[in-house]
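Using the sequences and the accompanying hints, generate a full structural model.
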Amino acid sequence: MLALTEPLVVGVDFGTLSGRAVVVRARDGAELGSAVHEYAHGVVERTLPATGRTLPPDWALQVPSDYVDVLRHAVPDALKAAGVSGESVIGIGTDFTACTMVPVTADGAALCELPGFRAEPHAYVKLWKHHAAQGQADRITDLARDRGEKWLPRYGGLISSEWEFAKGLQILEEAPEVYAAMWRFVEAADWIVWQLTGNYVRNACTAGYKGIHQDGAYPSSDYLRELNPGFERFVTDKLAHPLGQLGDKAGVLTAEAAAWTGLPAGIAVAVGNVDAHVTAPAAQAVEPGQLVAIMGTSTCHVVNGAELREVPGMCGVVEGGIVPGLWGYEAGQSGVGDIFGWFVDHAVPPAYHDMAREQGRSVHELLSDLGARQQVGEHGLVALDWHSGNRSVLVDHELSGVVVGQTLATRPEDVYRALLEATAFGTRVVIDTFIDARVPVTEFVAAGGLIRNRLLMQIYADVLDMPLSVIGSEHGPALGSAIHAAVAAGAYPDIRAAAAAMGSVERDVYLPIPANVSGYEELFVEYLTLHDYFGRGVNQVMRRLRQRRRRARAEKGQE
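For what it's worth, our numbering labels the leading residue of the sequence shown as 28, then goes sequentially.
Please keep in mind that the hints were generated in silico from the structure rather than gathered at the bench.
Be careful, since some hints might not be right.
[As the list claims (entries may be wrong)] Simulated restraints on C-beta separations:
#1 Glu533 x Gly368: 20 to 30 Å
#2 Ala528 x Arg388: 31 to 41 Å
#3 Asp249 x Pro377: 53 to 63 Å
#4 Gly368 x Gly143: 50 to 60 Å
#5 Arg384 x Glu200: 41 to 51 Å
#6 Pro291 x Asp559: 51 to 61 Å
#7 Gly432 x Gly257: 45 to 55 Å
#8 Pro269 x Ala146: 31 to 41 Å
[As the list claims (entries may be wrong)] Here are the simulated DSBU-like pairs of lysine-lysine, each with C-alpha atoms no more than 30 Å apart in a straight line:
#9 Lys276 x Lys265
#10 Lys177 x Lys265
#11 Lys107 x Lys276
Where is the CB? At the ideal position from N, CA and C, for every residue including glycine.
This is the structure we're talking about:
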């Protein structure tokens, strides 16, 4: 390996199924090498690894040792791929899915790794897409609305089951022994920095977007006591901790973490961050109106605004939540790539899998190619993209997917294209809601693994009637984390300066096709009709079906 004289930084992106490390030259953002490490346990949705215990519906857990394995494997492998040693690395930054929560002891040990808690599901990491706390989220929202809590409008008037308070309240009410044993309920974004530095620093980004921290305060103890008397000290006992600002140094790499990673002990470790939010600097989208959609298993939409606005159904607005000096807005869709993957894995007949195998490509590529041959509306379908619930703007994870218009002539490529279109329609609802609330959206920048699907990108350009820019990096979140590492290490004075030097974007790669735009205008009207009919209380059939499913499974002894 070579020891370069130019300073290098490392970014590590902890995703839903794997972690990716990238070695980056601090001077210009050149990506010298990368590596991926898959989580050994993946997403724990059906049975608990330690016992084989069946989990109820809507659970999504993870095993924290999988995250440390990323540091042990992906970082050294990325250095090897770059052909460099760690000697020139001056800093490391990390990002995580959110809201992903770890119950811990005072020394940072995850409860699920202690012998007494390995058989308790609530002691494990609750992944961002753990939606089993919807009932708690509804109560949090309803009480805040009844009391006129001033923080509720910052979250579009609705609190998500994915966030810290709903997940914490679920633990209190369903596993009080776990709640009592945990010293803090920690964002995984902060837990991994704790493992690297030996210091617990709570990052301001997740505290604001996922932890209801606004204007320097959390929800009051009076409010929490009214939710549940045992929840009164949740903030004081389980959450409260000094906040680190984005781009700051959380600490330095310990000798133990240096041994894991092959990096020098004592280098800067950046304050933790969220995968979507670090991607904005990586795409050079740090000014008002530049919306970045990070498109993977789910989609997160982030955009800066110069002024504070109340936007219905948003995931939150936080001062300095993306870059200092601006209001950072977040919205999202809980299922995007997950929906396409579900369809391919469970609904596409074997003949299509055989055909794709014979052609040496994936089923996704085959279906996209077949779907691209169609005119807008040729399949006669319209779908709702709620297979994993709705994050924005309805904030309701009791909702479910719908495909309308199927006949005996409907083919897999028809449904696949309709699902692609449904996610584009969902993004349009988000953007229209921003604009209606006077938060300008002047540019759409796509990032994430799904940007490789050219049909999907063209559909988005046509549905949104906007040119689509595309991030220049294949590893946007990891590059964004590296940018924050460079700031934390002192290579740049702030995130904007680092983004200008190290970020990358290709402008206006996909342009709207006028004929397609007009066709999608008609289909979007149909989408909105279904959206409001099922999502705004006209017909509660989706919630009733969820309740019936839970009762049926309970009767079988699975809950």
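We went through each hint and held it up to the structure:
1. Glu533 x Gly368: 20 to 30 Å: 26 Å, holds
2. Ala528 x Arg388: 31 to 41 Å: The hinted range 31 to 41 Å holds for Ala528 and Arg388, with Cβ atoms some 37 Å apart.
3. Asp249 x Pro377: 53 to 63 Å: 59 Å, holds
4. Gly368 x Gly143: 50 to 60 Å: 36 Å, violated
5. Arg384 x Glu200: 41 to 51 Å: 48 Å, holds
6. Pro291 x Asp559: 51 to 61 Å: 56 Å, holds
7. Gly432 x Gly257: 45 to 55 Å: 49 Å, holds
8. Pro269 x Ala146: 31 to 41 Å: 34 Å, holds
9. Lys276 x Lys265: Answer holds: Lys276 to Lys265 is near 23 Å, not above 30 Å.
10. Lys177 x Lys265: 22 Å, holds
11. Lys107 x Lys276: 26 Å, holds
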